[in-house]
Amino acid sequence: MTAHGYFSTYALVGLVLLVGGGFVSVAFAANRLLRPHAPNVEKLMTYECGVDPVGEGWAQTHIRYYIYAYLYVIFAVDAIFLFPWATVFADPGFGTTTLVEMFVFVGFLAVGLLYAWRKGVLTWT
Amino acid sequence: MNPVPPTGGSVLAAAHGPLSLVQDIDWAAIAPPLAVASAALVVLLADLFLSGPRKVWLAWLSLAGLATALGLLLPLRGGGRATFCAPADPATGGPPACSYVVSDLTLVLQLVLIGSAAVVVLLSMPMTAPRPWADESGSDRAVPGGEYHFLLLASVAGAVTLAAARDLVTLVVALETLSLPAFALVGLRRDARGGEAALKYFLLSVAATAVLLFGVSLLYGATGAVHLDRIAAALTTLDPKLDTVAATGAGLVLVGFAFKVAAVPFHFWLPDTYRGAPVPVAAYLSVVSKTAGFAGLLLVAGIGLRPYAHVWGPALAVLAALTMTVGNVVAVRVATGSGDAVRLLAWSSIAQSGYVLVPFGTAAGDGADLADRLPASVAYLAVYAVMNLGAFAVVATVGRDRPTGVVGDYRGLVRVRPWLALAMAFFLLCLAGLPPGLMGLFAKVAVFQSVVAGGTGWLAVVMAVNVVVALYYYLVWTALLFQPPVPGPPPVAGDGEAAGTLGSGGTLRVPAPFAVAIGLAFGLGVVLSVAPQIVLRVLTVPGLLG
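Chain order of the listed sequences is A and B. One rule links them: number in our numbering = place in the first sequence (from 1) + 31. One rule links them: number in our numbering = place in the second sequence (from 1) + 43.
Note that these hints are calculated values from the structure, not bench results. Take these hints with a grain of salt, some might be off.
Computed Cβ-Cβ distance ranges for the label pairs, DEER-style [claimed, not checked]:
#, chain 1, residue 1, chain 2, residue 2, range
1, B, 264, A, 87, 16 to 24 angstroms
2, A, 109, B, 498, 25 to 33 angstroms
3, B, 522, A, 135, 27 to 35 angstroms
Computed far set for chain A versus chain B, every beta-carbon distance over 12 angstroms [said to hold, decoys possible]:
#, residue
4, 63
5, 67
6, 96
7, 110
8, 124
9, 127
Not the full set, but computed from the structure, chain B residues with beta-carbon under 8 angstroms of chain A [what the hints assert, rightly or not]:
#, residue
10, 63
11, 64
12, 85
13, 87
14, 91
15, 582
16, 588
Idealized CB from N, CA, C, for every residue including glycine.
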């Protein structure tokens, strides 16, 4: 394929962008022209699942959630390794070594959890 | 050996009968880093279950772990072991490539790394001791012992692995295992200065890693290999169209390592980091971390990028000249009575890195002369580890009771602690390369020989001038040790307690672990000065770079 032919395939992408942009702007413009315009306090309020919003939009999250998020990430990553392992460890050719290896890995994570526990990170108050 | 099939376990099964997809591991070969890593885990667990004064065992545990690792090096003598091997390449028919190789080079580097780490543990003992017994002076602020020793051992495990790594992935992972705990170690005292030091070190190191990884990806893209020997083979037969890509990758990898060893102009993090870190951590960074960085540079440049020696040789020559000159010139400016002792050692260690880089700069191109030149760097690193650790040990000792930490504190040290002053004078003269510090002299001569043999005359001249310039600040410091103390009030008359510890009359305690560390470095220094062939033997080991 020539360089010209290669880049001309991107014309389709450009066309999709144009059509998409045109569709949205036409729809919003038509809406604007056809609708009545009568705002009030309720209508201008932030929509939050149908109930009135409470408090500020800016909320502070307690730092201890960070620890939990952190521990969660560790175990999520752990699961990423466990799933492919679980599909193959019983297959021929892997054997006991593979089983032990995973427990060594989980053991390392357990040490991390043990550390967090003994240092009092896991108590909520 | 059976021909290894291209892909697929089923073919393997047909060839070998009962199949095993689990690779064999030479446990003896990987035992030293494994021992260090296990010791790190044991220390972490012990910290959780020991309480109060019994935490004093943590330092002993980590020392025991390092001693075990040293012992496990013994059965590996003779080298020639390799593990984690990829099977022979079916496409090129090349030999199997191994990720972890125990060669003579590996053993020398691991010996230096583990031994230095043990001295650093000795130096950290008073700092990490459980609080009721340790003193609460300003420079001796609390450092949590369990975390400290765990992080230190984890970092050492990375360094020890790095010395044996022979593929880019293992190399990068080992380098990060070395660096990540080091950031935390720098800031572990949790004061403002330590925080700033840790942040600077972290940001610049991460940038260096990014550059390094980018270079690694380009090299892999150009050669299709990660093992260093395969990269070297692929580079010799490289498609000329890929030459620019591979050269860019090589350049970026070398820049990444230049950051790690703090070669000028990538040295900006170093003085502030050393100054903000606890002194034992600064000693660790300047010896273990730096030796590991040079080990990586040695492996990548000396093995993987050997066909490109005509490119990186001149570049590293310029880098070496810059590093020596800038390090020495700034050190000369710091070397006044009110100059900071750790900062002076930091600049001195930058200059010393320059000397280690010099043999790299003489590499002209073909593999044969590389094998003659680069071992001078290894010899210099080994000698540098002994003399620099010694100097840092004395600075750590003096810094405890004279917390201002300026060079002026050392005035008249010979009257207060004659042995300490003599040891310091010896280490400084070694660093300068003057008798009686003969080991420093021999190491410098080895480097000179490699430059002269390599025919890079201008670099030899630059180095000679630098050695002379460096004499100034080492001699100023040495002379201070023997000068009579200043009469009258001490220079810093702050609070009464601090003023009392300054001057000649102030006491200067030398805790036992410090005495052992200084004694070890001093003893080893004397031995190496009398019998330098112990270290210089690496120059004559055939095929040191494998």
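Requested in this report: Determine which of the earlier numbered hints do not hold for this structure and return their numbers in increasing order.
Outcome: 1, 2, 3, 8, 9, 12, 15 and 16
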